[in-house]
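Trainee: Just so you know, the sequences run in chain order A and B. With the first sequence counted from 1, adding 470 to any position gets you my numbering. With the second sequence counted from 1, adding 470 to any position gets you my numbering.
Treat the hints as calculated values from the structure; they're not laboratory data. Small disclaimer: the values here were computed from a predicted structure and weren't measured. Where hints are given, some of them may not hold.
Put simply, identical chains are the same to the list, so a pair is met inside one copy or across any two.
To be verified - Under the rule of at most 30 angstroms between Cα atoms (straight-line distance), these lysine-lysine pairs were calculated in the DSSO-like manner:
#1 K513 - K618
#2 K530 - K788
#3 K486 - K788
#4 K744 - K696
#5 K653 - K815
#6 K744 - K653
#7 K653 - K696
#8 K486 - K618
#9 K486 - K653
#10 K513 - K653
#11 K696 - K798
#12 K695 - K720
Protein chains: 2
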Amino acid sequence: MSNRNKRITSQQVATKAGVSRTTVSFVLNNVPNANIPESTRVKVLEAAEELGYVPNAAAKMLVSGETRTIGLVISHAEHLAVDAFIPQVLYSLSKHSQEAGYNLLLETVRDVSAPDAYMQLVRGHQIDGLVVVNTRSDDSQLPELVRKNFPVVIIGFPNWTAIADNVHYVATNAIESARLATKHLLDLGHQRIAHVTFSPENYFATQDRHQGYTIALEQAGIGYKKNLVAYGNYSAESGFVAMQTLLARKPSAVFVGNDTVAIGVMAAIQQAGKRIPEDIAIVGYDDIPTAPYLSPPLTTVRVSALEHGQKAIAMLEKLMQGETVLEKAIYCQTPVIIRDSCGAKLHAKK
Amino acid sequence: MSNRNKRITSQQVATKAGVSRTTVSFVLNNVPNANIPESTRVKVLEAAEELGYVPNAAAKMLVSGETRTIGLVISHAEHLAVDAFIPQVLYSLSKHSQEAGYNLLLETVRDVSAPDAYMQLVRGHQIDGLVVVNTRSDDSQLPELVRKNFPVVIIGFPNWTAIADNVHYVATNAIESARLATKHLLDLGHQRIAHVTFSPENYFATQDRHQGYTIALEQAGIGYKKNLVAYGNYSAESGFVAMQTLLARKPSAVFVGNDTVAIGVMAAIQQAGKRIPEDIAIVGYDDIPTAPYLSPPLTTVRVSALEHGQKAIAMLEKLMQGETVLEKAIYCQTPVIIRDSCGAKLHAKK
DNA sequence: GTGAAAGCGCTAACAG
DNA sequence: CTGTTAGCGCTTTCAC
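Construct the entire structure; sequences and hints are all you get.
Mentor: Given below as C-alpha cells:
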C-alpha cells in the first residue's frame, strides 16, 4: 500500500520550515492567539505546500474527539435503487454537508438486517452526527440516541410520539398535504377515489398519507371504502400490480402515495385501455424530476427534497456545535402542482 | 457532546475483566497465536458486552494505518438527483462495501468545483480505496493516484488511454451496445434515425454511445447526418428540449443515450401529437426500473447497475488487500431489452 | 498466557 | 512567540 510509504507528517513540515511541530500546528490551524510572525507563517505554509502535507485524519480525530463526518442512515436502502426521491435528498445532503466542511458516511440498512448497524458508528466515535432518512418504527436505538443528546436529525416525520418533543426533524405535514391532494380530486367531482400507498402499511409516512386521504373523504361526506386502497412498495412495479387489482373496483380517480409508484399505476391504467385523465384521474406525490414528462404529465404534491436536505444539515450543524436548537421541527411546504393527469385542465375548459 | 462523556475504553474493559489491555485487544481481535484460555476469553467478552464497548475508530485507524472505509467519488453529482441509474450503482456499492466490512464515504464533485477534493481523503489517510463514478476527462489527479498504486476502481470506461493499461475498471462495451441498439432500429426498417445523447459532447460515455450509433449507420450504408443528433444532459427535461428541435427533422426513430432522457424525448414526441412507436420509434439505454412502465414500455439497452457495483467492490477489495489483480477490465453484458417503444412487436405481427 | 512499554500523528497546556 | 511535553485509545513487540 503505497499509501503508507510517503506519509508526510507535521514533523517533516516543521523540519523543512525550521520550526517545531507546535508552530506548524498553530499556523495550519490558524490558532487565534498564537501570534506567529508573518515570516514564520509563510515559511510553514510554503513547506506544507511543497511537501503536499495533509494532516492525518485519524490522528486529528483521536486527539480532537471530532471526526468532521456525518453519518447518513438510509433504512430500506433497496428503495434507493427504485425510487427517485431519496437520491435527491442524498444529493442535497451531500452538497450541504460538504459545504459545511463535513464528510458524509453512508450507512444503508436493509430490510431485516441489524437496524442498529449505525450504532457502531456512533459508539466507535466515527461520526459527529446523524441524519436518518426513512425512520423505522421498530428502531429502538434511535430514540435512545436522541435521549442521550447525540446530534440526530430525522428527515420525515418521526412518529415515536413518546419522545417526539426531543427529536429534531425536517418534514412535511403529510396528512394535510395528502388531504389537499385528495380534495383536489374531490373538487373535480370525483366520488370513487382510490388510493395506492407508496409503501407497506406499517410505515409512518404511508399511514400519514393514507390518513390525509381518509380525512378528505370524510370531510366530503364520502365513506371510506377499504377495497379502494391498495399498497405499493416504492417501485413502479408495485404500483402496476396494485392498480391492476384496483381496476376491477372502477375508481374514477386515484391518489398515489408517490410518483414512482404512480408511474406503475398509470401504466396499469393505460394498458387496460383506459385514458388518463378522462377515464381515471391521477394525483401523485413528491414531484420527481420526470413527473412533468410522463404521459400525461403528472399532477402531484411537490416535496422539495433539496430543501429537506439543506435544512437538515443546517440543523445538524448547530446540534453538533453544541447549540440548543429550539425549533425542533421544520416543516417544508408542499404545494399541489397541477399538470394534466388530474383532469383539472380539461375541467376548466368545459 | 455527551458522546464524549461515556467513552468506554479498552482499559475499562480490562479492569472489569481483571486483565490487561493487551489481553483485551488479543481477545477482541481474535489474534491467532495468542492462546488465551477460554475462561479469560469469556470474561473479557462479557465485560466488553456489558460495558457496550466499541473500539475507538480513530485510534484504531491511527495505529493500524487502515481506515476500513472506501471513498466514493461521484462527479457531476447534480445528476444523482435527476438520473435513475447512478442511485442504483450507489445502492449496490453501499450494499457490497458493507458486506465486505467497509464503510462508504461519499464525495460528490460538482461541476467546476475542485475536482481533486477527494485527494484530501487519500492524502489524509481517510480512506483505503476509491471508487469513481463518472470519470471526468479533465481530472488529472486520478491518473496520478493510479500511477502511485493507490487502490482505485472506476465505474465506466476511463478513456485516458495513456494509462489505460494500469487502471482497473468495471464497464460495458458502450460502443458495441450502442451499435446494437441502433442496428435494432435499422433492422426494423428505419432510415432516418436520430440520436439524443444523455450528456454533453465532451463526456466519454457520450462519445462512445454516439460512436456506436455512427458505426451502425455506416455499416448499413446510411450517411451520418449531423442535424439528426442533439445533446441531452441527464435529465428528462433536457431530452424534451432536445427532441423538440429534432422533431422538425422528421426522424422515424430515435436512439436515446439513457432512459431518463428518453422519458423527456417521449414526452416531446407525444405532445407533438405523434405516436410511439407508430410514428417515431424509440430505443433507450440503461433499463432503469421504471422503463417497463412508461407508455409505451421502453425498449432499451440493459446495463446492470447492481452488477457494476458488486464487481467494483470485489475488485477494489482485492486491490486494498495488496493483491495484484490481473484482470484489470471487467465488462458487463448489455442485452437489448425489447418492449413496445421500438415497434418490434408491431413489426412482428405484420 | 499475560503484562509493560513503545509509538501511530496530532493538539494543546505549559514553560521558556 | 516558539519549543517541550503529555496524552488521545489502540495495537503489538518483547519480556516475564
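Trainee: A separate judgement is required for each hint: does it hold in the structure or not?
Mentor: Here is what the structure says about each hint:
When the C-alpha separation of K513 and K618 is checked against a cutoff of 30 angstroms, the pair qualifies only between copies, where the shortest distance is 28 angstroms, while the shortest distance within a copy is 45 angstroms. Proximity of K530 and K788 under a CA criterion of 30 angstroms is satisfied in both settings, with 21 angstroms inside one chain copy and 28 angstroms between copies. In this homomeric assembly, K486 and K788 never come within 30 angstroms of each other (Cα to Cα): the closest approach is 39 angstroms inside a single copy and 37 angstroms across copies. Proximity of K744 and K696 under a CA criterion of 30 angstroms is satisfied intra-copy only: 23 angstroms inside one chain copy versus 40 angstroms between copies.
In this homomeric assembly, K653 and K815 come within 30 angstroms of each other (Cα to Cα) only inside a single copy, at 16 angstroms, whereas the closest approach across copies is 41 angstroms. In the homo-oligomer, the alpha carbons of K744 and K653 lie at most 30 angstroms apart inside one protomer (23 angstroms), although the nearest pairing across protomers, at 34 angstroms, exceeds that limit. Taking the closest pair of Cα atoms, K653 and K696 come within 30 angstroms of each other only inside a single copy of the chain (18 angstroms); across copies the shortest separation is 50 angstroms, beyond that limit. Taking identical chains as interchangeable, the C-alpha atoms of K486 and K618 lie at most 30 angstroms apart only when they sit on different chains, with a minimum of 24 angstroms there against 46 angstroms within one chain.
For a Cα distance limit of 30 angstroms, the shortest separation of K486 from K653 qualifies neither inside one copy, at 72 angstroms, nor across copies, at 63 angstroms. In this homomeric assembly, K513 and K653 never come within 30 angstroms of each other (Cα to Cα): the closest approach is 69 angstroms inside a single copy and 63 angstroms across copies. For the identical chains of this complex, K696 and K798 are neighbours neither inside a copy (36 angstroms) nor across copies (56 angstroms), given an alpha-carbon limit of 30 angstroms. For the identical chains of this complex, K695 and K720 are intra-copy neighbours only, at 12 angstroms inside a copy versus 49 angstroms across copies, given an alpha-carbon limit of 30 angstroms.
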